[in-house]
Each structure stands twice: as C-alpha cells, then as structure tokens.
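Participant: Start from chain A and add chains B and C according to the hints.
Protein chains in written order, with this note's numbering: chain A, 8 to 262; chain B, 328 to 622; chain C, 4 to 340.
No lab work stands behind these hints, which were simulated from the structure alone. Wrong hints could be hidden among the right ones.
To be verified - A few chain A residues facing chain C, derived, Cβ under 10 Å: (1) D70; (2) A120; (3) G122; (4) E168; (5) L175.
Even glycine gets a Cβ: it sits at the ideal position worked out from N, Cα and C.
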Amino acid sequence: MARLEVSAVSLRFGGVNALREVSFSVADGELVALIGPNGAGKTSLLNCISGVCRPQSGKVLIDGEDFTSLRPHQRARRGLARTFQNLGLFKGMTVLENLLVGRHTHQKSSVLAGGLWFGRGRREEQGQLEAVLAIIEFLELGDLRDRLVGTLAYGLQKRVELGRALSLEPRVLLLDEPMAGMNSGEKDQLARLIIEVNERRRTTIAMIEHDMGMVMNLSHRICVLDFGAKIADGTPEEIRNHPGVQAAYLGQKAH
Amino acid sequence: MELFLQLLLNGLVVGGIYALVALGFVIIYKSSGLLNFAQGEFLMLGAYVCLAILEETRVPFVAAFLLTLVFSVALGLLLERVVLRPLLGQPLISVIMVTLGLSSVLKAVVQALWGSHTRPFPPVFATEPVMLGPLPVSQGYLWSLGCVALLLVLLTLFFRFTRLGLAMRATAFSQQVALSMGIPVRRIFALSWSIAAAVSAAGGMLLGAMRGGVDGSLAFYGLKVIPVVILGGMDSISGAIAGGLIIGVLENFSGGYLDPLVGGGAKDVAPFVALVLILMVKPHGLFGTAHARRV
Amino acid sequence: MTPPSLRLFRTRAGLPALMAFCLALCSLPAFASSYWLDVLCRIGIATIGAMGLNILTGSTGQISLGNAAFLAVGAYATAALAGRFELPFVVVIPLSGAIAAVTGMLFGIPSLRLRGLYLAMATLAAHFIVIFIAVHWESVTGGVNGLAVPAPSLFGIELDDDRRLFLLILPLAVLLLLFARNLARTRPGRAFIAIRDQDIAAEVIGIDVFRYKLISFAVSSFYVGVAGSLLAYQARLISPENFPITLAIDYLAMIIVGGLGSVLGSVLGATFITVLPEALRVGSGSLSGRYPAMVELFASLKMGVFGLTIILSLAFQPQGMAARWHSSKIWRKVPAS
Numbered sequence: 008m009a010r011l012e013v014s015a016v017s018l019r020f021g022g023v024n025a026l027r028e029v030s031f032s033v034a035d036g037e038l039v040a041l042i043g044p045n046g047a048g049k050t051s052l053l054n055c056i057s058g059v060c061r062p063q064s065g066k067v068l069i070d071g072e073d074f075t076s077l078r079p080h081q082r083a084r085r086g087l088a089r090t091f092q093n094l095g096l097f098k099g100m101t102v103l104e105n106l107l108v109g110r111h112t113h114q115k116s117s118v119l120a121g122g123l124w125f126g127r128g129r130r131e132e133q134g135q136l137e138a139v140l141a142i143i144e145f146l147e148l149g150d151l152r153d154r155l156v157g158t159l160a161y162g163l164q165k166r167v168e169l170g171r172a173l174s175l176e177p178r179v180l181l182l183d184e185p186m187a188g189m190n191s192g193e194k195d196q197l198a199r200l201i202i203e204v205n206e207r208r209r210t211t212i213a214m215i216e217h218d219m220g221m222v223m224n225l226s227h228r229i230c231v232l233d234f235g236a237k238i239a240d241g242t243p244e245e246i247r248n249h250p251g252v253q254a255a256y257l258g259q260k261a262h
Numbered sequence: 328m329e330l331f332l333q334l335l336l337n338g339l340v341v342g343g344i345y346a347l348v349a350l351g352f353v354i355i356y357k358s359s360g361l362l363n364f365a366q367g368e369f370l371m372l373g374a375y376v377c378l379a380i381l382e383e384t385r386v387p388f389v390a391a392f393l394l395t396l397v398f399s400v401a402l403g404l405l406l407e408r409v410v411l412r413p414l415l416g417q418p419l420i421s422v423i424m425v426t427l428g429l430s431s432v433l434k435a436v437v438q439a440l441w442g443s444h445t446r447p448f449p450p451v452f453a454t455e456p457v458m459l460g461p462l463p464v465s466q467g468y469l470w471s472l473g474c475v476a477l478l479l480v481l482l483t484l485f486f487r488f489t490r491l492g493l494a495m496r497a498t499a500f501s502q503q504v505a506l507s508m509g510i511p512v513r514r515i516f517a518l519s520w521s522i523a524a525a526v527s528a529a530g531g532m533l534l535g536a537m538r539g540g541v542d543g544s545l546a547f548y549g550l551k552v553i554p555v556v557i558l559g560g561m562d563s564i565s566g567a568i569a570g571g572l573i574i575g576v577l578e579n580f581s582g583g584y585l586d587p588l589v590g591g592g593a594k595d596v597a598p599f600v601a602l603v604l605i606l607m608v609k610p611h612g613l614f615g616t617a618h619a620r621r622v
Numbered sequence: 004m005t006p007p008s009l010r011l012f013r014t015r016a017g018l019p020a021l022m023a024f025c026l027a028l029c030s031l032p033a034f035a036s037s038y039w040l041d042v043l044c045r046i047g048i049a050t051i052g053a054m055g056l057n058i059l060t061g062s063t064g065q066i067s068l069g070n071a072a073f074l075a076v077g078a079y080a081t082a083a084l085a086g087r088f089e090l091p092f093v094v095v096i097p098l099s100g101a102i103a104a105v106t107g108m109l110f111g112i113p114s115l116r117l118r119g120l121y122l123a124m125a126t127l128a129a130h131f132i133v134i135f136i137a138v139h140w141e142s143v144t145g146g147v148n149g150l151a152v153p154a155p156s157l158f159g160i161e162l163d164d165d166r167r168l169f170l171l172i173l174p175l176a177v178l179l180l181l182f183a184r185n186l187a188r189t190r191p192g193r194a195f196i197a198i199r200d201q202d203i204a205a206e207v208i209g210i211d212v213f214r215y216k217l218i219s220f221a222v223s224s225f226y227v228g229v230a231g232s233l234l235a236y237q238a239r240l241i242s243p244e245n246f247p248i249t250l251a252i253d254y255l256a257m258i259i260v261g262g263l264g265s266v267l268g269s270v271l272g273a274t275f276i277t278v279l280p281e282a283l284r285v286g287s288g289s290l291s292g293r294y295p296a297m298v299e300l301f302a303s304l305k306m307g308v309f310g311l312t313i314i315l316s317l318a319f320q321p322q323g324m325a326a327r328w329h330s331s332k333i334w335r336k337v338p339a340s
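Pulled out of the complex, with its shape left as it was, chain A reads as follows (with noise of 0.2 Å):
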C-alpha cells in the first residue's frame, strides 16, 4: 500500500480547471518531486492533500486512510506536515517558537496547564524544547535560535520553515519550492538536508520544485503536471525523456 495516494482529485475555481482527475502515489521512504509550467496546479495538488482546498471530486489517502474530508489540523494531527511557496512563517515569533508551534500536535496542555505552569503541563513544555533544540542543531540554525523570523534573510525563514514542518514529525511531508530565491551554495545545503530527512528520518516527500538540475537528482520519481492534469510520472531518467514533457516545457501543445 502505498504511504500516500492521490486518486482521480478534480478541483474547480469557478470555470476554471484547476486540476482534473490527478492521480499519484508515493511509496514508504520515497522522495517524489512534482514539476509543470507554471499555472499546471503543483500548489493546488498540495493544497488538496494538506486540505487547504476541498476538490469536488476524488480522493487523498495516507497509509489506507482516507483524509478527503478531513481538515487541515485534523490531518497534521494523523502525520502529515508541509512548507508554503510563499513562505507560511509566524514573523511575530522567534525561530524556537516558530518551531514549538509544530510540536503543537505533540502536546496535550491546556490553557489552565499553560497559565499556571504547573505539574504535567510544565514537564510537557520542557519535553518538547528539547526536541525542538535537536531539530534547530539539525539544521544548522542554532545561532538564529532566539531571531524573530521577520528578521532573518529569505533562505533562511525557508529553512526555518522546513524545521516547523519536521518538529512535527510527519509521516508525509510536502514541501511546496523550498529552494526557490536561493543562491547555489543555499540550494546545496538544503538539498543535503532533505535528502537526510529522506533517507536518515525515513520521512516520505513530495517536493514541488523549479530547479531541473536538482529535482533531476534529489527524485526518485518525478510527477508532472500541465493544465491541471498529469501528462508523465516515472523516474528522472524516463521523464528525461519524455516527449510530451519537453513540449509542455516548450510550451507546445503535446499531442
């Protein structure tokens, strides 16, 4: 069975197609990366999984379980974490808070526990801080810990971003362009990140990217997508060399 499963998902805007009848899986341990032109529905897809948007047809499934009807915080309750292309940080809080917040699921305090910092609630607080401290060592960014994030450069909050979807320790993560606004150097880092994420944690990834080079290494499968719907799915050697994938690039119609 496979960990996620995206079967025949529709999703409309009104007249417009946003996707129509996508399906794909990921296995266990899998890095699958998602590609298109720009405009194909990559972002919708992953708004479909995460349940940001409802599709009028279809379904999600994580590990046989149906998450279709479920909402956002009810499926990061079940294990499944991700980034946002636009970057989905809290600016108000520090880099440690920012990655608290992704040990929400994890706790159980409540307001009277929290206010009067008091018995399992306290204990609880304390338990999670070191996790997060393990995730912020992870990822190199122990010198940012106590920044506000508004502060930090754009590379960085992406950083920032992926430990608040890792403290919550998905068994599914999406990452929607994490290299994106990157420089070389940047993008190595965090490629060598992910790929211990993938490998180390065992942490199954579909990964939307732009940068060919590195989807081309990172993938195990690629997906893609054109005009809402899925047009090739295989490995990075047989996308390579698709034709239809070429001419959605060449932004030819591929018939």
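Facilitator: Okay, now just chains B and C, sitting in the frame of chain A:
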C-alpha cells in the same frame, strides 16, 4: 397608513444623510483601503462651520453651504497629508485607532470652540408644511431630499464622465494598474479624503438646517455608517446609497412600531441587529465584492 | 539555560524587581490620598481588562470593540450574584469572569467566518445590543437606574473603601498577569500568535483555529469580566452609563499605546491612559487660578489630548511603550558588555 408614510418619509430623509456619510466612507475605502471612523465628526464639524459662517457674515445659506464645502475639501486634504498618509500599509488596528483618535481630536476642537450646548441654527427653510396628498411634509425635508439626490447625481456623473473620476475608479480597481498608467495615486487618495469630508459636511449642514440646531450628538451619525456600509458592501457606491436609505427607513420603522413594545431604544439598536444578521448571511453586503484570499 | 522567549521574566532581575515593586505598591495605601487611591484602584482594574483585551486583540489578532460590553456583563453579574444572592466575593469574582467568558465565546462564534474589520464591526454591534439589553431588561439590570453592589467582605472585614479594595485588586492583577505571561510562553499562547500571524499555516501545522479563537475569546472575556466585577465592587452602583462605547475605545488605546500582545504593555498602557486625564485635571486645575476658562475647557482638553496621544504614539512608537522599555534596557547593557 399615515404613520407608515410619515415613517417612510422620515426614514428616507435621514437615510439620505446616512447615504452621504457612507459614500464618504466607501470612497476612502475604495481608493486607499483605509477605514475612516471619523466620518461622523466630519459631519458635525461641517454643521458647526456652516453655522459659524452664517452667524459671522450673514451671507445666505447657499453661500455658507458652498464655503463650508470648500473648507471641508481643504480639511480633507490636510488630514490626509498629515495624519493618514503615514498609515498606508499599516495593520488594520492601527488604521482604526488613528481615525478613532482623529475623531476624538475633532470632537475636542468643536467643543473647545463652540461649547457643548445645543446652538440654534438660523431658519433656512420655510416652516409651513407642504401637503403631499394627505401627508403634511415639512419643506426642509423636501429640500434635504432634493439636495442629497442632486449631490448623489453629481458625484455619479463625476465618477462616470470626468478624467479625475475615471482616475479614481482606476485606482480603486488596482493601484498598480493606476500607477502604471501614470495616474498620481497619492493625489487620488487626497482627493478621496476631501470628497469624503465634503459630502459628510453637506449631510451635517442639511441636518442642522432641518433640526434647527446643532450639538455634539451629530457625531453619532457617523456610527450609523457602519451598518450602512456593511449592508451595502464596503466597496460599492450604489451600495452605500441603497444601504443608507434602507437603514434610515428600517430605523424609523423600528422606532415607530417596536418602541411601544420594548419601551424605547429600538430605533438605535435596530441597525446593529441588522448588521449582525447581514454579517451572518451575506458578509460582503448587498453589492460588495468578496475578495478571494491567496494562500 | 532556558531561551529568553520562554522565560517568565526576560532578565534575572525580573522577579526581584516585581516583588519589590509590589511591596512598594502594598505600602501605598498607608499614605496615598483617597483621590490617588481611587486612581490606583482604577489602574489595577484597567490593567486586568487591558491584559484580557490584549490576549484577544494583541496576541490572537481578533480586533474587538465589544470589551465595554464584556465589562458590563462582568459588572452586572457581580451586582446580581453579590446583591441578590449575597455570595462572597471569592465566589463572585471568578463566577462573573466565567459568565463574561461564556458571553465572549458566543460573540466569538462569528469569528469563524468573519475576519479583521468585519469582526470588529460585529463586536461593535454586540456592544450596542448588550447595552440595549442592560437598559431594557429592568427586572435583572435595574434599567437606566442601575443596581447597587454591596461591598466585598473578607473574614468579616468590609472592603468598603479604596484603601482596602486596593489590597484585593493588586494581588489579583499580579496573579492574572503572571498567568497571562505563562500562557504566552506555552502551547495555547503560541497557538494564539500563530493564528494572528498566519491563520492558514496555523491550521496546516495542526492548530484547530476556530477552537483556539473561541478559547481566546473566552480567556480574554474572563479577564475583562473580572475587571468588570472589580469595577462594580469599586463603583458600588452600576448603570448602562458606566459602559459607553468610548470605554471600549479607551481599552483599545491602552493596548495600542502600551504594546500589542505584551504583558508589560498592558500594564504601561492601562496606567498611562488612566493617569492621563487625572494629570490633565491636576494641570488644568492649577492653571484655573490664572485662566478660569481652563475648567470649562477641561472636557475638550481631555478628549483632544487622548486623541493626539493615540495618533502620535502610533506615528512615533508603533510597537508601543513596552518595546521602547525593552530596547532602552538593551541600550544600557551594550556599553557594559
């Protein structure tokens, strides 16, 4: 039946004033995205300035009316430049608080200059009522309705057919597009503030003339603008006009028919009950546009 | 070493400083005049109320113009519980807060669909509806004449003047402020800020946004309700006139001037906005000898200065007094390190 007609007429007259004030609110919101909670103070200040001109100079009401409009335009320009321009792009709560602070300052100025007692407004309209069928109607009401209608028509023509009006509509549509077409967007913001101040002042002067007196309670007309714009839609000029008339009539009907049942006060609370209901059912109002949020 | 954003106090000196400050405040009733004791009590009450509003508006980002209405709910609950049912204040104050909290949650329901300005307008409407009910539900609220509130008593001692009442308000305020600070550095408080900064990202990371908005409304209104309860105990007579819409604006001004989302900001803002008219009163009183017109001008002076304060503070320290306070402390540290 006569009560019904009387309430309807009162509602339309007051609603016309609401429409003017709401129009100012909507023009500012459309052009710059700012909210002006000092609209009621513009109205009050207009009435007091007009009264002061009448008392000091003994010019006819029409001249005082026009002079006050000129004053309001200047005030709008000044406030936009000094108080509001620094606010563009600030969080919503800052914008709300600055205009609330502004309303406090304007109220203070009026009270310091003219005191807090009701001041009589010299008679402007002939006092004997006109018979409209069975209904005696005061001439002030008719004049007021006429003036409001005239102002609304003039403004509509202005937005439709003048270069400046078109520029304002373009700015409301998209600031980027307007800038790229060479429209001086900043000047458009200033213009929207002066129009807003002027139409509100017009409302205040008409109210002063109709009631025969002005006092600080005129500022409360600004509060009513909120149910009006929620009903009509924050970004719709025709919505402001329709909303103003509807709220005016609703208010008078609830005053006339519900007050005896609940023991008074229904008139003041009805617009806000309506506000809550509208927000529940149709949050963007009758004519407003729902803006999609980008993820 | 705990990271600074998660500490109860930013610096090591925080706790001793707070204790010294509280001790100093405790000694004030011994020699302050009854006029300033009244002001002191009102500062304490305003601090609790501003803290509550700051949780909702500052931390969670839900602008509320309804806080005068929640104050009224707390105050009327106290009048009913203490007056009609003759309950002791240790029960009445938390119960009044709880009743306000439930009311707050009801008003929070529209926040599921409404955001920003629309929510502000809904809460404005709520204010007028609550006040309408306070005026017209005479059998419970006493209508425009209002209700008398008995003095709270402790072990047979009546806390019937500001001197004694202050010794009830002060510890309550300190406890509620500490609770708020703890909240801010733990899970629920982080959820609030997450909702304010990026509600969609908050939902995606696992926060039930609607639930936490309601929690924020409840906690916030609890604080405001407690402030309303104390207000009733201090005023001893409450009527709808105690809760004008301008009171709601005063509270918003407190958190804006003090600092959004900040505990220290709530204290500084509440103190500043409460003391401002008193300072003006003293100032205009001393000038009235030479300029008798000052007394007449006082009302407009108060209003004008209040408005200017808001405008100028947003222009020159948009982050509020608390941020100014913290940054000035860092300034002093720089040459030393």
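Participant: Taking the closest Cβ pair, is E168(A) under 10 Å from chain C?
Facilitator: It holds, given that the least Cβ distance between E168(A) and chain C is near 9 Å, below 10 Å.
Participant: Given a cut of 10 Å on the nearest C-beta pair, is the interface hint for L175(A) held or broken against chain C?
Facilitator: Given a least distance of 7 Å, the restraint on L175(A) holds.
Participant: Less than 10 Å between beta-carbons is the criterion; does G122(A) satisfy it with respect to chain C?
Facilitator: Where the cut-off is 10 Å and the nearest Cβ of chain C is about 4 Å from G122(A), the hint holds.
Participant: Quick one, is the D70(A) hint okay against chain C at 10 Å, beta carbons?
Facilitator: violated, 18 Å
Participant: Please check whether A120(A) passes as an interface residue: C-beta within 10 Å of a C-beta belonging to chain C.
Facilitator: holds, 8 Å
Going through the hint list in order, the structure does not satisfy hint 1, though it satisfies all others.
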